[in-house]
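**Student:** Here is how the chains run, residue by residue.
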Amino acid sequence: MKHLTEEELVQHYYKDEDDAAASDTHLRECSTCREEFEKLSTTLDATSAFEVPERDEKYGEEVWNRIRAHLPEQEPRRWFAWPQTRRWVAAGVMAGLLIAAFLLGRVSKPTSLTGPTDIAQKDAGREKKVLLVALGDHLDRSQMILVELTHASHTDDLDISSEQERAEELLAANRLYRQAAVRSGDADVAAVLDELERVLTEVAHEPSKLDGAELQAMQQRIEAKGILFKVRVIGSKVRGDEQRPEKQGTPAPKTARQTT
Amino acid sequence: MQSEDVAYIRQVQAGDRDAFRALVERHSRTVFRVAFRVVGNEEDAEEIVQETFMRGYKAIGSFESRSNFSTWLCRIAINCSLDLIAQRKPTQPLSGVDAEGEEFELQVPSTDPSPERRMLSTEVKARVTTAMAQLTPVERTAFVLRHFEGRSIEEISSVLNIRGGAAKNTIFRAVQKLRRVLEPMGRAAL
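As given, the protein sequences belong to chains P and C, one line each in that order. In case it helps, my numbering puts the first sequence at residues 1 to 260. In case it helps, my numbering puts the second sequence at residues 1 to 190.
Think of the hints as simulated: they come from the structure by calculation, not from any bench. Ideal Cβ positions, reconstructed from N, Cα and C, are used throughout, including at glycine. There's no promise every hint is true.
What the hints assert, rightly or not - No farther apart than 25 Å at their CA atoms in a straight line, the calculated lysine-lysine pairs in the BS3-like style are these:
1) C/K125 - P/K39
2) P/K58 - C/K58
3) P/K225 - P/K237
4) C/K177 - P/K39
5) C/K58 - P/K15
6) P/K237 - C/K125
7) P/K58 - P/K39
8) C/K177 - P/K225
9) P/K15 - P/K39
10) P/K225 - P/K209
11) C/K125 - C/K177
12) C/K177 - P/K230
13) P/K2 - P/K39
As the list claims (entries may be wrong) - If we take Cβ atoms under 7 Å as the criterion, some of the chain P residues that face chain C in the derived model are:
14) Y14
15) T43
16) V52
17) G60
18) V63
19) W64
20) I67
21) S153
Said to hold, decoys possible - To give an idea of the chain C side of the interface with chain P (calculated C-beta under 7 Å), a few residues:
22) R21
23) F32
24) Q50
25) D83
26) Q87
27) K125
28) M132
29) N169
30) V181
31) L182
32) E183
Bound-form chain P, shown alone (with noise of 0.2 Å):
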């Protein structure tokens, strides 16, 4: 008798698999699964042990009381935020904005600037914002990849075609980006670009069908460079820096720590 494998077992539990009689009736008749199953519920049981504070039907008039002075005038839904028509204009920002970031890394300079050429700094911080924006993006869209990679089973193959399709998009804009980055100085976002990127091209040229140990394999090398985990730090800080004023205005919202 072919025993229920632990991932099946965990899989019978939420009631996630494909064919929950089948499981069903295994675990009638085969006591030594049913044990392990027993255990296992009873592990995952006890995480109810995990609580939650309890926050009571006020909490959510307390919580809007916080953020309602910090709301900004929310403006009317326009032509362009129609689904069909927002894709086809994003598709053109997108490549307005790689444009501007290797425009943006081709002029600026390190050096600090003084009198005439304050409307020019304010034009930087603008263009800045604008390429802050665009990096976020496009770190999101490389941290998704590494997830999918990172997390993909490796006891059957995988076909990572479009993976490997979405790594070869974003290795010409991380390029541009990391241009920028150095040009502006910025070492640290630099760096984790130039180590993405090497990532980046690893993926792009894997065979696109890859069996268990290759993946596996693949999985440890980008595990071993934490590559993920800087992406998703870097990422924070570009976030940081794009929702921070360029003047001071309104104060943020006090956070819960701020306030106790």
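We have chain P; now place chain C onto it with these hints.
**Tutor:** Just chain C, lined up with the frame of chain P:
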């Protein structure tokens, strides 16, 4: 519930800021619960609740009514949580073992315990908290969404931007890690 959400969302999209209040009131507790389970402490969870609604408000113009607002908001909360973990990780590891190799106990929330909960041993609570802290942020998120929130594999895939197979595998890894920490305690203790 979803259709009522849609009505409020349309009002907000039309420029009625106060309509957002209803959405905050309806979903705050869920967002707090998810955030707390992912980040593991109350203070950070509070910060994430605020950040989630701020980001949600700014992005609500792009919300499409065929989506589920709760799932959409959950995705934002998860992103905020993972961002916070990534920012904190270098100085505040979400691990059950400190730099000296000693186990440390993350905050176990103080609530008014029911009689059954009072009977649950402190050791089990501490072990579960420690076991949860040993999961990677993505494993922890996938496990929280499947185990505590009862979200489907499709929803989890959508929230984490991974394929269904990868989501199932992530949950499986999380369960394996939890078992390794909790099962040595023995069934009697659990």
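**Student:** Please go over all the hints and tell whether each is borne out by the structure.
**Tutor:** Going down the list of hints, with the structure as the test:
For the given pair, C/K125 sits about 18 Å from P/K39 by alpha-carbon distance, which is consistent with the 25 Å threshold. For a cut-off of 25 Å, the pair hint linking P/K58 to C/K58 stands: about 24 Å separates their Cα positions. Restraint check for P/K225 and P/K237: the C-alpha separation of about 19 Å stays at or below 25 Å, so the hint holds. At roughly 14 Å between alpha-carbon atoms, C/K177 and P/K39 fall within 25 Å of each other, so this suggested pair holds.
A threshold of 25 Å between alpha carbons decides the hint, and for C/K58 with P/K15 the separation of about 37 Å lies outside it, so the pair is violated. Restraint check for P/K237 and C/K125: not satisfied, since their Cα atoms lie roughly 34 Å apart, outside the 25 Å limit. For the given pair, P/K58 sits about 40 Å from P/K39 by alpha-carbon distance, which is inconsistent with the 25 Å threshold. A threshold of 25 Å between alpha carbons decides the hint, and for C/K177 with P/K225 the separation of about 22 Å falls inside it, so the pair holds.
Distance hint between P/K15 and P/K39 is fulfilled; the C-alpha atoms sit about 17 Å from each other, no more than 25 Å. With a C-alpha separation of about 23 Å, the suggested pair P/K225 and P/K209 falls inside the 25 Å cut-off, and the hint holds. Of the pairs offered as hints, the one joining C/K125 and C/K177 holds, with about 16 Å between alpha carbons and a cut-off of 25 Å not exceeded. Taking the CA atoms of C/K177 and P/K230, the gap is about 23 Å. The hint holds against a cut of 25 Å.
Restraint check: the Cα-Cα separation between P/K2 and P/K39 comes to about 19 Å, which is no more than 25 Å; the hinted pair holds. The beta carbon of P/Y14 comes within 6 Å of a beta carbon in chain C, closer than 7 Å, and the hint placing it at the interface holds. Here the hint on P/T43 is kept, as its CB sits about 5 Å from the closest CB of chain C, short of 7 Å. With a cut of 7 Å, the hint placing P/V52 at the interface with chain C holds, because the nearest CB-to-CB distance is about 5 Å.
At about 3 Å, the closest approach between the beta carbon of P/G60 and any beta carbon in chain C falls short of 7 Å, and the interface hint on this residue holds. About 5 Å separates the beta-carbon of P/V63 from the nearest beta-carbon of chain C, less than 7 Å, and the hint is met. Hint status for P/W64: holds, given a least beta-carbon distance of 5 Å to chain C, under 7 Å. A cut of 7 Å between beta carbons decides the hint on P/I67: the least distance to chain C is about 6 Å, and the hint holds.
Checking P/S153 against chain C by beta carbon gives a least distance of about 4 Å; that is within 7 Å, so the hint holds. The restraint placing C/R21 at the interface with chain P holds, with a minimum CB-CB distance near 5 Å, inside the 7 Å limit. Because the closest C-beta pair between C/F32 and chain P is about 5 Å apart, less than 7 Å, the hint holds. The beta carbon of C/Q50 comes within 6 Å of a beta carbon in chain P, closer than 7 Å, and the hint placing it at the interface holds.
Because the closest C-beta pair between C/D83 and chain P is about 5 Å apart, less than 7 Å, the hint holds. The beta carbon of C/Q87 is positioned within 7 Å of a beta carbon in chain P (closest approach about 5 Å), and the interface hint is therefore held. The restraint placing C/K125 at the interface with chain P holds, with a minimum CB-CB distance near 5 Å, inside the 7 Å limit. Checking C/M132 against chain P by beta carbon gives a least distance of about 6 Å; that is within 7 Å, so the hint holds.
Contact between C/N169 and chain P, as hinted, is supported at the beta carbon level, the nearest pair being about 4 Å apart and thus within 7 Å. A least Cβ separation of about 9 Å between C/V181 and chain P goes past the 7 Å threshold, and the interface hint is therefore violated. About 5 Å separates the beta-carbon of C/L182 from the nearest beta-carbon of chain P, less than 7 Å, and the hint is met. A hinted interface residue such as C/E183 counts as satisfied when its beta carbon comes closer than 7 Å to some beta carbon of chain P; here the least separation is about 6 Å, so the hint holds.
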